Structures are given as structure tokens and as C-alpha cells.
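Peer 1: Assemble chain V onto chain U, guided by the hints.
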Amino acid sequence: MRPGLILTFAAMGVATYLTRAPLLLVLARRRLPGWLERYFAALPIALLTALALPLVLLPPGGPGPAWDAQLPGAILVAFLARRTGNLLVAVAAGVALVAALRVLIG
Amino acid sequence: MEPESTSTDVGAEVRAGARDAATTVVPSILAYGAVWGGLARQAGLSLGEIVAMCLLVSAGTAQFVALPMLTSGAPAALLVVTAYIVNLRHYLMAAGLAPYLTGLSRLRLALLAHGISDEAYALTLARFTRGPAHPGYFAGCAGVIYLAWYVGATAGALLGSRIPDPRRFGLDFVFPAVFIAILARELRARWQWLVAGVAATIALAVAWGVGGTWHIAVAGLAASTLGIFLAPANASAPSPAGGETPTEDAA
Numbered sequence: 001m002r003p004g005l006i007l008t009f010a011a012m013g014v015a016t017y018l019t020r021a022p023l024l025l026v027l028a029r030r031r032l033p034g035w036l037e038r039y040f041a042a043l044p045i046a047l048l049t050a051l052a053l054p055l056v057l058l059p060p061g062g063p064g065p066a067w068d069a070q071l072p073g074a075i076l077v078a079f080l081a082r083r084t085g086n087l088l089v090a091v092a093a094g095v096a097l098v099a100a101l102r103v104l105i106g
Numbered sequence: 107m108e109p110e111s112t113s114t115d116v117g118a119e120v121r122a123g124a125r126d127a128a129t130t131v132v133p134s135i136l137a138y139g140a141v142w143g144g145l146a147r148q149a150g151l152s153l154g155e156i157v158a159m160c161l162l163v164s165a166g167t168a169q170f171v172a173l174p175m176l177t178s179g180a181p182a183a184l185l186v187v188t189a190y191i192v193n194l195r196h197y198l199m200a201a202g203l204a205p206y207l208t209g210l211s212r213l214r215l216a217l218l219a220h221g222i223s224d225e226a227y228a229l230t231l232a233r234f235t236r237g238p239a240h241p242g243y244f245a246g247c248a249g250v251i252y253l254a255w256y257v258g259a260t261a262g263a264l265l266g267s268r269i270p271d272p273r274r275f276g277l278d279f280v281f282p283a284v285f286i287a288i289l290a291r292e293l294r295a296r297w298q299w300l301v302a303g304v305a306a307t308i309a310l311a312v313a314w315g316v317g318g319t320w321h322i323a324v325a326g327l328a329a330s331t332l333g334i335f336l337a338p339a340n341a342s343a344p345s346p347a348g349g350e351t352p353t354e355d356a357a
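Going down the list, the protein sequences come from chains U and V.
With the numbering used here, the residue at position 16 of the first sequence is 16, and numbering never jumps.
With the numbering used here, the residue at position 210 of the second sequence is 316, and numbering never jumps.
Hints listed in this document are in silico derivations from the structure and should not be mistaken for laboratory results.
Predicted model, so just to flag it, every value in this text is computed and none were measured.
Ideal Cβ placement from N, Cα and C applies to all residues, glycine included.
Among the hints, erroneous ones may be present.
[Unchecked claim] Here are the in silico distance ranges between beta carbons for each label pair:
#1 V:Ser-211 / U:Phe-79: 39 to 45 Å
#2 V:Leu-265 / U:Arg-83: 38 to 44 Å
#3 U:Leu-104 / V:Pro-181: 44 to 50 Å
#4 V:Arg-214 / U:Leu-104: 46 to 52 Å
#5 U:Arg-82 / V:Gly-315: 29 to 35 Å
#6 V:His-220 / U:Ala-100: 24 to 30 Å
#7 V:Arg-268 / U:Leu-104: 40 to 46 Å
#8 V:Asp-115 / U:Ala-100: 40 to 46 Å
#9 U:Ile-6 / V:Thr-307: 41 to 47 Å
#10 U:Gly-34 / V:Gln-148: 51 to 57 Å
Bound conformation, chain U alone (with noise of 0.2 Å):
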């Protein structure tokens, strides 16, 4: 092992625990003011959105949107979320289908 290497790895890691710790440790012990329980209401919806589109529309390797076996799993994984509530069932069902996609038209 190079210790210079380990170094740069604990200070990645340094570096990135000081993006997981402050808020949580500050905002966990104080009541938010109501705008930023507003904001805060909103924040899942507008990450997880922000999250996952980009993932299904713009497939890596690609300069920009194209056409992947993601998109048709990605409407099928919303229906089925919706229509039973179960998260398991819906991405199963989505992750088969994109599989199978996959071998069938690449």
C-alpha cells in the first residue's frame, strides 16, 4: 500500500463526510421556521426527480437523449408503483422487462 495514496483516500473521505454531517447535525436539533419546512417538503420530490430522469433519458454515451430500453421500463415502474404501492414488485417488474429488451432489440 502507498501511503501517500491512503492519505488522499482519508481525506476523500474527510472531504465527503463534510458533506453528509452539518446539516444533518444542525437541523435535527431546531424547529425550522415554516418556509423551510415549505422547502424542505418539497426537496425529496424535486432530488428525486432530478435523480432519476437524467439516469432514463440521457443514457451514458450519448451526448444527449437517445433512445434506451430504460424508458418504456421507467413508465412501466411508474404505473405499477402507483397502482400497487409496492416498490419491490415495481422495480422487479421494471428491471425484467428493460433485461429483456435488452436481449431482444439490443
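Peer 2: Here is chain V on its own, set in the frame of chain U:
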């Protein structure tokens, strides 16, 4: 969190979190951990260095981004700054979880903070918004997710380049599928749809135009401001301690 909760309650919550993570995101995390381990090997890291990096950094995206930089001999400071920037989105996830984790000691919060990842955040929030908000659930999720990442990476480092492409099995779709399933379940009121629409527009524009992981933090920060004006007063109020009846969500 119920003040009088016993240790068995904690154990049940931890197990529930571990189970939900294991049945949704874990196969994919194992696969991508293995891919990362194989690539790390090709980038010249030894098995010990690979394990050390996983344990010390514990952040998949940052570890993927670091590999080409290690290969090209980038300076250490650049690696550290890049890890920080790639993980900026965690500020928002920590802020989003915080209202549910009241009444915990600083030490516990500091330990829980280490568990924040895209997947643990998404699964925990899906649970907390519909049922009891117990920190044990988050700990169970995060613990299993990290374990899968470490095991996958070690296996990948040992197998080297013999790892099949996870895309062949649709495993790249697991992460967006979990996020979409949670969204589809939660989106009800018109203001929520509006937030999602604005977040989608910003995220796609930034992801396309800028690349990297900027779109998550930018769209999250910006689209949430709509909530200040549109969300009802009690929209994010987490269930107060002990006020929850057991939910139907146990399935």
C-alpha cells in the same frame, strides 16, 4: 421515534431497513461495486488499496470519478476537491432527513450522517413519509448498502476484468427505477407535480449542458423553492413521536 421504544423495536426497524435495501438496490450495488473493483484494479490499485478506499471514502460516484484521475496521476488536492463537489448533493439529503431524526444525540447523528447515500436517502424517505420515522430503519438501509458496496468492490478486484456488464441484466436501471417508483407513489397534489416538472426540466438541461453530477444539487435546490410558495403548511411535518399507528406498509 417512540421514547419508550425497546431494543426489540430498534432491531425490527434495522431489519426492515436492511430487508428493503437488500430486496431493491443491493443486487445493483453489488454489480456496480464489482465493476468499480475491476476498474480500480486496472487503474493500478492493489487489493489493499481498493479495500482501504472503499472503507475510507464510502461514496460510489466519487470513487468512480476518481479512477481516471488516479490513472492520469492527478494531484491529491484535485482528487479531494472532486470528491467534495461530486458529493455536494448530500447536503440536501442530510437536510431532508434531519426533520425526521430529532431527539438524537450529537454522536448518533454524527454516526448516522456517514450512512447518507442516494439509495439510503431514497428508501428511508419513502418509509418515513408513510410510516414511523425510526433512525434504525435508516441505519439498516445504510449498513446493508455499504456492505454490498464493499463486498462487490472486493469481488471485482479479485475477479479483475472478468466482470460481465451489469447493463446486460438491466441492473443499471435499478437505481432510477427505485427513485421513479417512490416518486410515482408520492406524487399526489398539484404543487408536487409542479415541483417535479420544474426539477425534471432543470435537471435534464444541466445534465445535458454541464454533465457530471451538478444537475442533482442544482435542480434539487432550485425546484424546492417552489415549495415555499406552494406547499401547505404541514406538508413536511414528520409524524411526532408516538403519534403513528402501525402502517400497512409492512409488506
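Peer 1: Work down the list of hints and note, for each, if the structure agrees.
Peer 2: Status of each hint after checking the structure:
In this structure, Ser-211 of chain V and Phe-79 of chain U meet the distance hint of 39 to 45 Å, their C-beta atoms being roughly 43 Å apart. Between Leu-265 of chain V and Arg-83 of chain U, the C-beta spacing of about 39 Å keeps the proposed range 38 to 44 Å intact. For the pair Leu-104 of chain U and Pro-181 of chain V, the beta carbons lie near 47 Å from each other, so the given range of 44 to 50 Å is met. The supplied range of 46 to 52 Å is met by Arg-214 of chain V and Leu-104 of chain U, whose beta-carbon atoms lie about 49 Å from each other.
For Arg-82 of chain U paired with Gly-315 of chain V, a C-beta distance near 31 Å keeps the hint of 29 to 35 Å intact. Checked against the hint of 24 to 30 Å, the pair His-220 of chain V and Ala-100 of chain U fails, with Cβ atoms roughly 38 Å apart. Separation of Arg-268 of chain V from Leu-104 of chain U is about 26 Å and departs from the stated range, judged on CB atoms against 40 to 46 Å. For Asp-115 of chain V and Ala-100 of chain U, the Cβ-Cβ distance of about 41 Å falls inside the hinted range of 40 to 46 Å, so the restraint holds.
Hint check: Ile-6 of chain U to Thr-307 of chain V, Cβ distance near 43 Å, so the stated range 41 to 47 Å holds. Judged by the Cβ atoms, the range 51 to 57 Å given for Gly-34 of chain U and Gln-148 of chain V holds: they are separated by roughly 52 Å.
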